[in-house]
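Colleague: Work the whole structure out from these sequences, hints included.
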Amino acid sequence: MKKFSILGLILFCQVYVFAQQSQLIGRVKTSNNLPISGAKVYISNAEKTFLTDTTGQFLFSGLVGGTYNILITKQGYLNETRSLTLKTSKQSLNIKLAALSYQLAEVLIKDNRVENRKKEESLNVEVVNADFIQRNLSGSLMKTLERLPGIKTIGIGSGQSKPLIRGLGFNRVVVVDKGVKHEGQQWGADHGLELDQFAAGEVEILKGAASFVYGSDAIAGAINVKPARLPTKHSLAGNVDLIGKTNNNLYGTSVNLLGRNDKLFFDSRFTYQNYGDYRVPTDRVYVYDFEVPLNNNYLRNTAGKESGLHLSTGILGEKLNSIFHVSNVYSKSGFFANAHGLEPRKVDAVFHDRSNRDVQLPSQEVNHFKIINKSDLQFKNHRVEMELGFQRNFRQEFSQYVNHGYMPANYPTDLGIPSNLEREFDKMVYSANIRDKFSLGKHQLTVGGNLEFQDNTINGWTFLVPSFKQFTSGAFVYDQFQLNEKVILHGALRYDHGRINLRKYTDWFPSKFDDGTEENLVRADNLTRNFNSLVWSIGINYNPEKFIFKANIGKSFRMPIAKELGANGVNYHYFSYEKG
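Letter 439 of the sequence shown, counting from 1, is numbered 857 in our numbering, and no numbers are missing.
All clues stand as given, with none of them false.
With a Cα cut of at most 25 Å, we get these calculated PhoX-like pairs of lysine-lysine:
#1 LYS644 <-> LYS625
#2 LYS537 <-> LYS860
#3 LYS798 <-> LYS855
#4 LYS505 <-> LYS447
#5 LYS922 <-> LYS981
#6 LYS855 <-> LYS644
#7 LYS968 <-> LYS625
#8 LYS536 <-> LYS968
#9 LYS737 <-> LYS798
#10 LYS537 <-> LYS904
#11 LYS737 <-> LYS644
#12 LYS570 <-> LYS723
#13 LYS651 <-> LYS737
#14 LYS458 <-> LYS508
#15 LYS964 <-> LYS904
#16 LYS570 <-> LYS536
#17 LYS625 <-> LYS537
#18 LYS723 <-> LYS663
#19 LYS537 <-> LYS968
#20 LYS625 <-> LYS536
#21 LYS570 <-> LYS625
#22 LYS528 <-> LYS644
#23 LYS997 <-> LYS922
#24 LYS860 <-> LYS968
#25 LYS466 <-> LYS508
#26 LYS997 <-> LYS930
#27 LYS458 <-> LYS447
#28 LYS466 <-> LYS505
#29 LYS764 <-> LYS750
#30 LYS663 <-> LYS570
#31 LYS855 <-> LYS536
#32 LYS855 <-> LYS537
Label-pair restraints from in silico Cβ distances:
#33 VAL895 <-> VAL658: 43 to 49 Å
#34 LEU586 <-> ASP933: 45 to 51 Å
#35 TYR995 <-> PRO826: 15 to 21 Å
Hints were generated in silico from the structure; no laboratory data involved.
Where a beta carbon is used, it is the ideal one built from N, C-alpha and C, also for glycine.
Modeller: Next comes the structure, spelled out in structure tokens:
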């Protein structure tokens, strides 16, 4: 009987225990009520661990009346601790985890490319980007760059200018556009550069003799105008720039559209500017010793307009890139009416002052067409770069016919040259450059060569510079040796050959001699000259933390130009007679 009593007591206790169990249903969510799967739920009293399912739920069976400490953890969220007493046979628990936020220290990313370029280059170098050009936008690209130390310009009206580096300019400064030497009629002080500053992505100015890379004309330095950066992959973008100025009532726009898929891209731009006569802070100027009154402070007949059309397209690969650049820049502008001709006082001021936006005689029109292919190939530790270019610079200068010497008083109707065409220059230029850049130990070597052919013809009723053909070639090697972190040694050697052929020019009118005879004078005779030169340079860069020290010694050579060899006529822009 006692055995049956003990057995019944045990069965009763088991039934009582099972009756006191409770099921806890827990749900773990974010602060936005989204379920969190894979959260770790640890119940310390029971020493049990659960993982929430895809709905953020977990199940736990415990005793009614029992108190449990629950710790919920999940990577990316703050830990949550709860203390819970089970009161019923079925109980729920909702827990929200707050996202874990990390406050990172400031990360500053700095582009040291320009600084490294200044430290490594043997010459003093300035590098500006498109942002600098936009912030300092002036009437022309060279005028914009004038804000840099050592850079000056010769202004031609308000819309054109030509550069000077440390006081030297004309054919002593090379301007490179997209890898090819820009060739116009840069020998003339009143001939500006036919470049669209809106199309420049970056400009690099080298101060000092850079002829061992850019040829003999770079005896004063070089200005390297680079295109805009390539579009990013799978993109289509565009922008519109509007410009206006008060000192010459300029208005204009530049529209850019570009795009790229994986390897093919295009970049197009159209620029137009129109401006009136330039206004100065004085009511009179002096042309040599002649006083010239100004109407409302305007320099009469300095208005103009210009336009530019650009298209770049090509294929971009991992090892080979090939890009074509096509551009056409046109400008029409007037010359200051009181600073042209033989007599600055003989100007119809009333006629010119009727409008400050029209372009009357004297004036000039220039059209510069250019097509360039720029390719590069990367293999092993070599990078081969090549540029092929064709340019046509067509310049016309207009003025009323002015006779002097034995020129007839009345312009002949049968001459075949328009009576207002003072001078015309038509230049065709073909260029080719190639460079191989490679490393050899601590040496960074560049080996390359240049070829250029020019054919320049003339027209007009006056003569200054003869027609000519010119061929130049050069080969060079440049070595940059990294001695240590602070010292870089440089060495360069270049050989140049040039050949120029001047064409004979004879006056279209006869001149009289003392014996009464007449003859059409030969202003320039046929002339062929050959030039050869070997130039070299060695230098050192010392780059401590607080300053940069550079020293160079070498020999440079500049081949004479057609004007220096064969000029023989009146320059109406400067009231002078020039003879080569």
